[in-house]
Amino acid sequence: MHQLDPAGLPAHVDRLYRAAWALCGSPTDAEDLVQETFARVLSGPRILRGRDELAYLLAALRNTYISDRRRASRRPVFTARPIEDLPLESRDQAGAPEGAFEASEVLAAIAQLPEDFRMALIAVDIVGLSYGEAARALGTREATITTRIYRARSQVARRLSPVEQPPGQAPRRREGTGA
Amino acid sequence: MKLRRDKPSPEDAIARLADGSVSEAQRGVLERLVADSPELAAKLSEQRRALELVGAVDVLAPQRLLERLATPASAPTPRPRRRVPLRGIAVLVGAIVVLALLAARNHGPNVSGEIHLALARATLPAPAASPADRGELKASVDGIAFPDWHARGWQASGARADALDGRAVETVFYRSADYGRLGYSIVAGLPLALPSGGRSHGDGAVTYTVFHLDGATVVTWRRYGHTCVLAARRAPASALLALAGWA
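Residue numbers (the working numbering), protein chains in the order written: chain G, 101 to 279; chain S, 13 to 259.
Hints were generated in silico from the structure; no laboratory data involved. Hints are not guaranteed to be accurate.
Only part of the chain G face toward chain S is listed, based on derived beta-carbon distances under 8 Å [to be verified]:
#, residue
1, Y117
2, F138
3, E153
Incomplete in silico selection of chain S near chain G, CB under 8 Å [claimed, not checked]:
#, residue
4, D24
5, I26
6, S33
7, V34
8, S35
9, R39
10, E58
11, L63
12, V71
13, L72
14, A73
15, P74
16, L202
17, R246
18, A249
19, L253
C-beta atoms are modelled at their ideal positions from N, C-alpha and C, and glycine is treated no differently.
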């Protein structure tokens, strides 16, 4: 058992921001969500019981998201508006392999998953928790997390698989989210 | 009443095989099952495809969010008015966050983008051996040459040149009969921040950090102040560490 150290939080901002974007499907909402999560976490001393900071922050992010959604009841889980002014600091896509997708497309595909699947994938594949840590952070069993991750990945891969085209035509993408 | 499964389903095992979270003993069994089943092989491929897509998401928090986080008073949820001592504590905590955010940002991008490049496909032919030095190839970053590991069983097989957050990243790919393919990337300029969670190994002069990402084994270290990354899907950490020691 130890107290959450505020000085350690900045190391997690980028991962939490990606998690928030994947959770709510919008970079703008993700900024608000991360900011509110930090405000809540920093509003008083936090005692961590056997969980690391990242798992604690993910749980806080999820709880903030759920309570915001309940309170507001105003927005769908995913907003499919074009995203043209993304604050991306991503690698140069010019040399990306064929079939590579923009980060925004991948995050949008994740945001469309059922919430349980989405949270499992975010916890393990985006935030980087182990299956056990993810299970504890999300209050479920490790086996359940594993099944959800399998299904979440399958759905993401299918949604983002390029559609085969006849020879001579450029391949197009199955998913048209904001691209 | 909910039924509890005692044994993981094949799909659950495939999910873990894809991201490398199975034991060595389980891995062998699963790989044999996959080799005998096109259906499982397709499922594994699908899992790996998703991992590759998600692992390539390298979005960073925008600067304006960092600035907002550094200002506790601008939190979107209004808080009850605090008495002066608590406000003082909040300001102090905010100041700590500001300093730490700035310190974190000064490190620039982390090494995850470079890892992606080290696992990507080659877009250029393999560099030739250097005529001047038998242990080097005719490819370098800021004067740091890529090694020629031909004598160690690793033949240069391709290369690629990329820009990562405005910096040049050169990658040379090598192939081995035993371990398949690996990518060796060197990024120009100041070293990148390392991801947390890796395991450190040292030989007295250099610290090597080993971690696993998206089913790949990764070793990263610094040569003359530059970040170097070795990443491979089949080669074990021991093989990569041995090569890094000869880089």
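Here's how the hints hold up against the structure:
no.: 1; hint: Y117; verdict: holds, 4 Å
no.: 2; hint: F138; verdict: holds, 5 Å
no.: 3; hint: E153; verdict: violated, 10 Å
no.: 4; hint: D24; verdict: holds, 4 Å
no.: 5; hint: I26; verdict: holds, 7 Å
no.: 6; hint: S33; verdict: holds, 6 Å
no.: 7; hint: V34; verdict: violated, 11 Å
no.: 8; hint: S35; verdict: violated, 13 Å
no.: 9; hint: R39; verdict: violated, 16 Å
no.: 10; hint: E58; verdict: holds, 5 Å
no.: 11; hint: L63; verdict: holds, 6 Å
no.: 12; hint: V71; verdict: holds, 5 Å
no.: 13; hint: L72; verdict: holds, 5 Å
no.: 14; hint: A73; verdict: holds, 4 Å
no.: 15; hint: P74; verdict: holds, 3 Å
no.: 16; hint: L202; verdict: violated, 16 Å
no.: 17; hint: R246; verdict: violated, 19 Å
no.: 18; hint: A249; verdict: violated, 18 Å
no.: 19; hint: L253; verdict: violated, 22 Å
Consistency note: the structure conflicts with the earlier hints numbered 3, 7, 8, 9, 16, 17, 18 and 19.
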